[in-house]
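Residue numbers (the UniProt record's numbering), protein chains in the order written: chain S, 1 to 353; chain U, 1 to 353; chain E, 1 to 353; chain W, 1 to 353.
Worth double-checking, as some hints may not be accurate.
Since the list gives no way to pick one copy over another, a pair counts as held whenever it fits inside one copy or between any two copies.
Taking lysine-lysine and the BS3-like style, the derived pairs with C-alpha atoms no more than 27 Å apart in a straight line are [said to hold, decoys possible]:
#1 K213 - K350
#2 K256 - K8
#3 K195 - K350
#4 K271 - K66
#5 K164 - K199
#6 K309 - K99
#7 K309 - K75
#8 K8 - K350
In short, the hints are calculated from the structure, not lab data.
For reference, the chains in residue letters:
Protein chains: 4
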Amino acid sequence: MAGNSFGKLFKLTTFGESHGMALGGVIDGCPSGITLDLDAIQTEMNRRKPGQSAIVTQRKEPDEVKFLSGIFEGKTTGTSIGFIIENSNQKSHDYSHIKDSFRPSHADYVYEKKYGIRDYRGGGRSSARETACRVVAGAIAKQVLKGIEFHAFTSSVGDIFMEKPYQDIDFSAIESNIVRCPDTETADKMISKIKEIRKAGDTIGGTVTCVIKNVPLGLGEPVFDKLHAELGKAMLSINAVKGFEYGSGFCGAKMKGSEHNDLYNTDGTTKTNLSGGIQGGISNGMDIYFRVAFKPVATIMQTQDTIDKAGNSVKMDGKGRHDPCVVPRAVPIVEAMAALVIADYLLLDKVYQ
Amino acid sequence: MAGNSFGKLFKLTTFGESHGMALGGVIDGCPSGITLDLDAIQTEMNRRKPGQSAIVTQRKEPDEVKFLSGIFEGKTTGTSIGFIIENSNQKSHDYSHIKDSFRPSHADYVYEKKYGIRDYRGGGRSSARETACRVVAGAIAKQVLKGIEFHAFTSSVGDIFMEKPYQDIDFSAIESNIVRCPDTETADKMISKIKEIRKAGDTIGGTVTCVIKNVPLGLGEPVFDKLHAELGKAMLSINAVKGFEYGSGFCGAKMKGSEHNDLYNTDGTTKTNLSGGIQGGISNGMDIYFRVAFKPVATIMQTQDTIDKAGNSVKMDGKGRHDPCVVPRAVPIVEAMAALVIADYLLLDKVYQ
Amino acid sequence: MAGNSFGKLFKLTTFGESHGMALGGVIDGCPSGITLDLDAIQTEMNRRKPGQSAIVTQRKEPDEVKFLSGIFEGKTTGTSIGFIIENSNQKSHDYSHIKDSFRPSHADYVYEKKYGIRDYRGGGRSSARETACRVVAGAIAKQVLKGIEFHAFTSSVGDIFMEKPYQDIDFSAIESNIVRCPDTETADKMISKIKEIRKAGDTIGGTVTCVIKNVPLGLGEPVFDKLHAELGKAMLSINAVKGFEYGSGFCGAKMKGSEHNDLYNTDGTTKTNLSGGIQGGISNGMDIYFRVAFKPVATIMQTQDTIDKAGNSVKMDGKGRHDPCVVPRAVPIVEAMAALVIADYLLLDKVYQ
Amino acid sequence: MAGNSFGKLFKLTTFGESHGMALGGVIDGCPSGITLDLDAIQTEMNRRKPGQSAIVTQRKEPDEVKFLSGIFEGKTTGTSIGFIIENSNQKSHDYSHIKDSFRPSHADYVYEKKYGIRDYRGGGRSSARETACRVVAGAIAKQVLKGIEFHAFTSSVGDIFMEKPYQDIDFSAIESNIVRCPDTETADKMISKIKEIRKAGDTIGGTVTCVIKNVPLGLGEPVFDKLHAELGKAMLSINAVKGFEYGSGFCGAKMKGSEHNDLYNTDGTTKTNLSGGIQGGISNGMDIYFRVAFKPVATIMQTQDTIDKAGNSVKMDGKGRHDPCVVPRAVPIVEAMAALVIADYLLLDKVYQ
């Protein structure tokens with residue numbers, strides 16, 4: 001396997017399986033002299049961790065980060081930051097049912113075929129538990145990016161949408177409810193929906209929208225490494241993501257140029273922001289916003305038909321404790337990946353100033 | 001600027017401005033011993049080139065590729081392939097109106113601020129003319145990938161959608177009309193729409209869908225470099241793209257797990273394909289399909305308010321010959337970028353076999 | 001800091017300071033299905049570890065590797081392999097003398113200036129303790145490269161040289177003495193020399209030669225990434241290395257073409273091997289050999305003049321337990337780095353076959 | 001083939017065969033706003049080009065660079081700089097004698113085996129003609145690095161050495177003679193030696209030393225990407241190079257720590273400079289110097305035994321016009337590669353300031 005690294009200058013490399021001894025990573029390229037707020041990092045971890053509310057998986061993992069290097073007397077030294085997150089909960093499950101059979105719409109089958117071997121326990125490396133390491137690195141990136149704000153939130157669950165334009169949203173309300181939708185009324189509907197879906201042993205998809213404020217003008221490289229292209233890749237690399245759009249997105253494809261163009265104010269800001277804060281792949285100083293589509297979790301608490309290694313049809317029952325909807329826990333992951341992208345481009349931009 | 005390279009093992013690096021002497025590129029990592037069909041490469045170029053039909057820009061560029069290295073007696077030698085495309089048409093235009101003013105929703109303003117200098121003629125490096133080099137490399141990638149089929153087509157123009165499921169499409173009809181929509185009736189509507197839009201001096205957005213057939217199981221790297229993440233980045237790096245979705249995409253975010261899961265046949269194929277041919281970031285042998293959203297072209301033949309370098313409000317008239325809708329010419333570009341991604345992952349997959 | 005990764009396809013990323021909690025690393029790109037011999041890995045670690053003999057530092061560190069991921073039921077799974085080596089000995093030293101002063105010919109001064117902060121304990125990240133992680137990864141690379149033999153040995157200490165041509169060396173004698181020179185008589189002289197130097201509170205330089213047997217023809221990329229260029233970089237990245245030569249090396253620069261050319265046998269092997277097993281940057285199937293120069297260890301048990309942070313002249317006494325000559329412990333590090341390079345190129349070569 | 005790119009932030013990608021239509025390259029990452037001195041670039045090209053004096057190959061190539069992009073009104077724009085060098089002389093030779101046979105100590109044999117096909121004319125991609133592109137990029141890098149001086153010179157030819165310490169050399173004398181040795185007396189001996197060797201139809205090796213002045217403190221990344229490691233790789237990637245040493249080099253391996261350590265002055269400079277301007281992989285503000293060993297050119301004007309593709313023994317006569325000693329023309333190539341390395345690290349260093 002390749003591809004366990006993300007970023008060019010602010011680079012994260014990760015390792016770890018769902019039920020191995022530990023997950024962890026290395027952050028290479030973090031500037032020196034930054035006083036790290038370890039509590040703020042743990043706060044981000046807690047937003048992602050299982051067992052945090054009634055609408056997420058009831059598995060319990062403390063998800064505590066242990067930093068092994070790169071920090072001295074509370075400050076980053078500029079050397080690589082190694083960290084681990086121990087798996088405390090890894091022995092309690094029974095995975096014999098997926099040892100020899102493939103869960104539908106999971107990675108079991110392709111791992112088996114590609115590698116000839118897989119750590120089947122909890123999905124191994126394909127488990128979304130891998131994203132814990134992204135949140136650690138993203139939390140550090142946020143501290144590098146002081147002043148830049150990342151506001152991700154749940155913008156839909158199933159067919160329940162929050163319809164407000166991003167400019168009208170009170171971001172301080174995001175953490176006021178367990179589904180992380182800043183519109184309380186819509187949040188209540190979403191929570192009810194997820195509870196109902198869980199009761200039926202089913203799961204449901206949703207979307208996360210992210211608004212990034214105070215990004216300086218000039219981030220992004222115009223040809224293959226456009227800022228939104230890297231943001232798109234970052235989001236699409238998160239488990240269960242099926243789509244990404246920024247600014248006007250797929251709606252923009254229905255519009256006319258005369259409607260879509262963002263006209264300039266004399267200070268260089270734009271009167272509208274259908275561009276989503278990025279023009280020609282470079283940030284223009286306006287708010288960046290994008291939307292990410294998550295499919296419904298593949299593990300359902302129902303009996304499904306599937307096949308085993310020998311190619312026999314078998315019945316598989318849903319087992320274990322799983323999220324009925326991945327979106328509430330995905331919110332901090334989306335922010336983390338966005339922070340990694342912005343940190344990487346901010347450092348790159350310094351090269352040419 | 002960084003970011004003029006794409007791919008890790010089958011790597012394209014490009015250069016060139018819209019109105020400079022030439023555009024060109026280097027393909028590094030092409031396997032040796034491949035007999036190149038130069039006509040097939042030119043055919044792809046012709047599908048992208050301006051002036052090809054009544055609904056695209058009427059500019060004339062022959063877009064002929066000149067190969068300078070890496071090919072000996074008709075075969076690739078394994079060394080880097082250098083090529084150029086001369087700009088024959090570069091002196092005929094008058095760009096004084098954009099020398100000191102910024103076209104709305106173009107990259108003029110951010111280039112000026114980021115680099116402090118810009119080749120304003122025809123948009124310089126930010127011109128979609130840059131994609132000609134991608135088509136050259138993509139055409140070679142297709143020849144490396146013999147047997148794998150890339151079928152991109154126009155799936156919507158404005159609010160005119162082709163609604164057929166991808167399985168029912170006759171791909172041989174794509175080139176039967178100038179808008180590149182395989183459903184003739186819909187194609188006619190799209191063509192009329194584009195003509196009407198052009199007459200109004202306006203532009204319109206649209207979407208391109210791409211189906212890739214015969215991709216072997218196992219391509220993709222499961223964590224950050226998931227196959228669909230790299231496809232997404234590739235598409236988002238194309239000028240004017242605002243969104244990317246694969247498989248069930250944004251629709252999948254409204255669905256339940258019990259509806260969305262793709263159940264296996266005993267041969268490992270799946271009964272449905274909402275996964276879009278990729279599970280856990282790895283191709284599963286089913287058809288890969290995805291959809292790309294293009295915004296309306298920013299240059300319209302109307303007078304717009306904008307600002308000049310000094311921050312003064314100015315009026316700007318649309319000038320030159322531009323596409324009323326980018327989608328028909330984007331079809332071969334989408335295929336080219338898809339071919340580059342698949343070639344890169346196919347080579348990478350050989351490493352671990 | 002950047003640059004904590006080595007390799008493109010078989011990639012090692014490391015972290016860790018001399019006196020932090022742990023060192024460790026991530027190996028990305030190791031093929032799946034390899035049954036790892038963990039004892040063989042520890043054996044390599046023991047060849048490098050402090051305290052192993054009378055002529056190396058008397059510090060005690062068990063240097064035990066703990067694998068955290070990427071291995072399942074004894075086999076590599078193809079996912080990234082995370083590992084740590086805990087620092088058991090880190091609290092016992094007093095480093096106050098180097099907290100505010102700079103050891104001559106160490107990295108203290110440049111770290112302070114470049115990063116504005118440094119973990120001064122034991123040299124922090126600049127400590128040769130960092131190479132322990134390289135040995136772990138190299139030991140795994142060797143297992144990936146079954147059949148390819150790496151024979152590094154001490155070829156000189158100060159002005160005591162082992163003069164034999166590499167073809168006449170009995171590699172099985174390397175581990176028969178503590179200085180790792182396969183010629184017993186010369187080894188005795190080297191050992192006496194090192195003991196004498198240590199007694200004087202001084203240190204001494206030396207060279208390591210490495211012979212790699214059974215490398216298949218075809219490894220290496222001909223232009224910037226020539227096989228010997230990457231080997232050279234690998235060796236020069238090891239602490240205290242001042243030079244690298246392969247094949248005829250600096251002696252070759254005194255020769256005539258008619259003396260230097262390696263003539264072919266009809267089977268494609270060459271009658272002589274001044275090329276050092278590499279032609280045009282590509283392995284030719286002959287033995288690869290190269291020589292690496294190590295400077296004398298900078299920490300001496302004598303009083304030296306130096307400066308403190310404020311720029312005052314100060315006296316500094318040598319403290320702690322240090323190697324009088326780095327070469328005996330460098331032997332396994334040279335092998336490890338060579339194995340990493342060969343593994344990387346072997347995987348890359350598979351791409352184009 | 002991979003590996004046709006060099007550098008991370010100031011990145012050169014090259015293409016081209018000795019006798020193809022053209023060689024060329026792309027420079028990605030050059031900062032914007034630099035007024036390029038095109039004459040200075042051509043001057044560097046002229047120092048490398050064939051036919052420049054009585055002691056180099058008498059082939060004639062104008063080696064004129066044509067820039068295709070990235071420069072606007074005389075200044076770099078920050079976009080990728082594409083350039084080509086046309087091969088004017090490519091049709092005049094007869095290469096039938098090497099079409100089916102392998103020149104000893106050339107890359108013919110390994111190319112044939114690795115790629116299954118080769119452009120045999122003039123060595124194809126393995127020809128040192130490839131280095132012309134490096135000189136173009138290096139000349140631009142020098143202009144980016146204004147104030148940093150690169151002084152490479154011939155320090156030995158065969159067994160004729162220039163023995164002066166680098167501090168005593170008058171660099172302005174380098175270009176005063178055709179062998180590029182700044183000591184006139186030694187230069188005369190070298191020139192006589194080369195003429196004598198040529199008369200005998202033979203070739204001879206030599207060394208190039210390079211001194212870099214005014215490098216700011218702080219360039220280099222301390223672990224795998226040490227500044228001297230990358231310099232070493234850069235030099236070893238040049239055709240015919242067999243060894244690299246910096247600072248005390250191989251001599252340092254014979255020394256004692258008490259002799260070798262560079263003691264500090266109170267301003268942070270060092271009293272001696274055996275470190276060669278680099279400590280712990282990071283420039284310390286002192287002069288950087290290193291030495292590069294070149295083997296004798298493999299093509300000699302004598303009859304040699306070799307083999308053909310079928311494995312038959314054949315006689316091969318030396319043909320064509322070749323350098324009797326590569327060193328005089330290697331001087332600007334060494335400088336160019338050094339400039340590329342320093343430019344890359346200078347840009348990287350800006351990231352963390």
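How would you classify K195 and K350 at a CA-CA limit of 27 Å: within, between, both, or neither? neither (48 Å within a copy, 46 Å between copies)
For K271 and K66, with the copy left unspecified, which applies at a CA distance of at most 27 Å: within, between, both, or neither? neither (46 Å within a copy, 44 Å between copies)
If the cut is 27 Å between Cα atoms, do K309 and K99 qualify within a copy, between copies, both or neither? within (9 Å within a copy, 53 Å between copies)
K164 and K199: within-copy, between-copy, both or neither at 27 Å Cα: Close neither inside one copy (29 Å) nor across copies (35 Å); limit 27 Å.
Should K213 paired with K350 be assigned to within, between, both, or neither, using CA atoms and 27 Å as the limit? both (19 Å within a copy, 25 Å between copies)
Treating 27 Å as the Cα threshold, decide for K256 and K8: within, between, both or neither. Result: close neither inside a copy nor across copies, 37 Å intra and 37 Å inter.
Is it within, between, both, or neither for K309 and K75, if the alpha carbons may be no more than 27 Å apart? The answer is between: 19 Å across copies meets 27 Å, while 50 Å in one copy does not.
Intra- versus inter-subunit Cα pairing at 27 Å for K8 with K350: So K8 and K350 pass the 27 Å test inside a copy (13 Å) and across (15 Å) alike.
Comparing the model with each earlier hint shows violations of hints 2, 3, 4 and 5; every other hint is respected.
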